[in-house]
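Novice: Here's the letter readout for the chains.
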Amino acid sequence: MSTLTPTNGRLSSTTREERLLSFEGRYRQQQFTRRNWTLLYGALFLAALVGSISVSDFSIPGLIKGLPMAWNYIAGTLPKLTLENLWGDLGEWYWGLRFWLRLLVETILMGFVGTVLGGILALLLCFPASRNLVENTGIYFAARRALEFCRTVPELVFALIFVFAFGLGPFAGVLAIAVHTAGSLGKLFAEVNENADPRPIEGVRASGGNWPMIMRLGVVPQALPNYASYLLLRFEINVRGASALGLVGAGGIGEDLYVAIRQFEYTDISAILLLLILTTSVIDIICETIRHRLIGNDLTQGA
Amino acid sequence: MNTAQHADIARLRRTNPEIFNRPLPQRLRDWGIWVAFIAVLGFGLWWIDASPMRIFNGLGKLGMLVGLMIPPWPGDGLPDYLLAMLETLAMAFLGTVIAAVLAVPLGFMGAKNIIPNWAFHFGIRRFFDAFRGIDGLVWALIFVSAVGLGPFAGVLAIAVGDVMVLGKLFAEAIENVDKKPVDGVRASGGGRLHVMRLGVFPQVFPVMMSHVLYFFESNVRSATILGIVGAGGIGLQLSDRIRINNWQAAAFIILLILVTVSIIDAISRRIRAKLT
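So the protein lines, in turn, are chains A and B.
Once you know that position 70 of the first sequence is 71 in our numbering, the rest is easy, because the numbers rise by one and skip nothing.
Once you know that position 226 of the second sequence is 244 in our numbering, the rest is easy, because the numbers rise by one and skip nothing.
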């Protein structure tokens with residue numbers, strides 16, 4: 002930074018006052034540029050804020066009117082629980098528990114199968130998408146773009162299209178999850194591969210292994226714990242995503258949630274949401290424990 | 019050469035018995051995990067009624083749809099789509115800003131070094147986590163029912179869906195503050211306000227900004243689909259075009275989403291790289 006400021010005065014001057022003056026001058030100049038940048042960012046932010054507010058008809062009166070409505074709605078979904086008749090009230094609140102549990106199992110299965118299928122696709126695509134493992138830039142480029150496409154198109158858009166092609170139900174949802182998962186996991190796997198230690202790869206190549214052998218024996222063993230960790234992380238995300246796919250008719254608990262919200266069955270909404278929160282929390286905790294163990298093992302083996 | 023190799027292998031076997039001859043319980047456990055994994059996978063495939071025939075038929079139909087999509091063409095709806103895209107960006111921006119502003123006090127509440135109470139800390143962290151379990155689309159559906167159709171519901175859905183997660187990340191950023199600059203400011207005679215402004219803020223702000231930008235990126239992605247349930251933005255146009263079988267326009271909208279998301283990602287990645 003100091004090279005940007007004029008320094009010709011500093012070299013010739015040796016008295017204390019002059020050095021102090023030049024230092025203060027530089028300090029002031031740096032402060033000036035920084036303040037200008039901050040102002041510029043602030044102005045940009047304000048412009049974006051004003052633009053967004055005008056485009057989305059967001060207004061303070063609307064907010065003041067809307068927030069109580071939203072709050073009333075959320076408060077309305079809460080059931081009436083009394084201490085005298087707690088079990089009866091709970092039973093009434095969760096009148097459809099059997100049915101919902103079935104849908105919940107379907108949601109988890111959708112997340113699981115989608116993650117596994119997407120993971121297999123990602124595993125196939127991640128090697129050609131790693132820069133250190135392919136010499137042909139054409140293949141690398143194509144694999145990268147394919148993964149990017151799968152990743153950037155929202156899952157729900159895939160679901161909308163797949164519902165048309167494969168019919169309503171969880172099958173379309175699973176395929177949508179699988180395609181999206183392949184895109185995001187493929188990229189993460191490829192990054193793991195690119196950080197792989199080149200020595201085992203050279204070793205397999207030197208002993209005469211062909212390309213699939215190099216991948217299987219040189220890359221996969223060192224990358225496997227990271228793959229598994231990312232898979233588990235993705236499974237958590239996909240269970241959450243699967244709960245929303247039902248809104249477009251692609252199976253899972255979202256279908257019943259959609260019906261409950263559309264028909265204003267207030268207490269059902271809170272019952273299903275609470276079930277969902279519980280399920281995802283449990284899955285999160287389990288996956289986190291396994292993930293820490295996997296990565297921990299990896300670290301101790303490496304040391 | 020061959021014999022030397024055999025001898026080598028024999029020697030390796032002798033020196034590393036645990037690699038070649040793993041104990042039975044360990045092997046049983048590994049096999050058990052694999053069997054359970056395959057059983058669940060098979061059960062899942064059976065449940066969703068997957069069959070090669072279905073995939074084959076569906077792929078045929080999918081091919082037909084892709085054929086209908088080419089070439090992507092907006093028709094006469096181009097201004098509508100661009101406006102809807104702007105609305106989507108505005109929703110994501112406003113939702114992120116509101117969530118970030120609300121998350122700051124939550125972050126301070128959730129930080130261990132601000133409120134050093136174990137039970138409170140654990141409770142509030144779990145509370146933050148619980149909100150992550152609900153997808154943004156579900157929030158959108160709820161807010162559309164509560165405040166009516168339009169982008170306002172989308173803004174609220176994004177803000178509510180993010181505020182807890184951001185609160186958790188902010189709390190972690192505050193917990194990770196290095197004590198040394200704080201002590202330094204105090205040692206050179208700074209007051210409480212100086213400690214906050216010169217010791218804590220410069221450490222926390224870039225981390226928070228980088229999280230917020232990352233959330234903005236991801237919110238642009240999710241805002242593109244919120245319209246499917248009526249919460250404004252490009253998603254409404256997309257689901258409408260699909261519903262009336264205008265596949266060329268649908269393909270154009272998907273491309274529009276792809277391009278916009280990549281541009282936003284590139285800009286935000288550049289700013290984030292500068293911040294940290």
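Think of the hints as simulated: they come from the structure by calculation, not from any bench.
Just so it is clear, the structure is predicted and the values come from calculations on it, not from any experiment.
Any given hint could be a false lead.
Calculated Cβ distances over 10 Å to all of chain A for the following chain B residues [claimed, not checked]: (1) 30; (2) 92; (3) 108; (4) 111.
Cβ-Cβ distance ranges computed for the label pairs, FRET-style [claimed, not checked]: (5) 88/B with 169/A: 46 to 56 Å; (6) 135/A with 212/B: 47 to 57 Å; (7) 93/A with 96/B: 45 to 55 Å; (8) 278/A with 130/B: 22 to 32 Å; (9) 88/B with 209/A: 23 to 33 Å; (10) 56/B with 125/A: 44 to 54 Å; (11) 79/A with 212/B: 24 to 34 Å; (12) 44/B with 212/A: 45 to 55 Å; (13) 87/A with 287/B: 48 to 58 Å.
Glycine included, every Cβ here is placed at the ideal spot set by N, Cα and C.
Novice: At the C-beta level, are residue 87/A and residue 287/B separated by a distance inside 48 to 58 Å?
Specialist: 52 Å, holds
Novice: Is the distance from the Cβ of residue 278/A to the Cβ of residue 130/B consistent with 22 to 32 Å?
Specialist: The hint (22 to 32 Å, Cβ to Cβ) holds, given that residue 278/A and residue 130/B are roughly 24 Å apart.
Novice: Has the hinted range 45 to 55 Å been met by the Cβ atoms of residue 93/A and residue 96/B?
Specialist: 53 Å, holds
Novice: Taking C-beta pairs only, is residue 111/B more than 10 Å away from all of chain A?
Specialist: The claim is violated: residue 111/B sits with its nearest Cβ about 5 Å from chain A, within 10 Å.
Novice: CB of residue 135/A to CB of residue 212/B, is that within 47 to 57 Å?
Specialist: Given a distance of about 55 Å, which is inside 47 to 57 Å, the answer is holds.
Novice: Confirm or reject the claim that residue 88/B and residue 209/A have a C-beta distance inside 23 to 33 Å.
Specialist: 46 Å, violated
Novice: Taking the minimum C-beta separation from residue 108/B to chain A, is that value above 10 Å?
Specialist: 4 Å, violated
Novice: Are residue 88/B and residue 169/A spaced within 46 to 56 Å by their CB atoms?
Specialist: 26 Å, violated
Novice: Take a look at whether the Cβ-Cβ distance between residue 56/B and residue 125/A falls inside 44 to 54 Å.
Specialist: For residue 56/B and residue 125/A the Cβ distance comes to about 19 Å; the hint is violated.
Novice: Look at the Cβ atoms of residue 44/B and residue 212/A and judge whether their distance stays inside 45 to 55 Å.
Specialist: About 32 Å separates the Cβ atoms of residue 44/B and residue 212/A, which means 45 to 55 Å is violated.
Novice: Residue 92/B: least C-beta distance to chain A exceeds 10 Å?
Specialist: 17 Å, holds
Novice: Grab the minimum beta-carbon distance between residue 30/B and chain A and tell me whether it stays above 10 Å.
Specialist: The assertion about residue 30/B holds, with a minimum of 15 Å to chain A.
Of the numbered hints listed earlier, those contradicted by the structure are 3, 4, 5, 9, 10, 11, 12.
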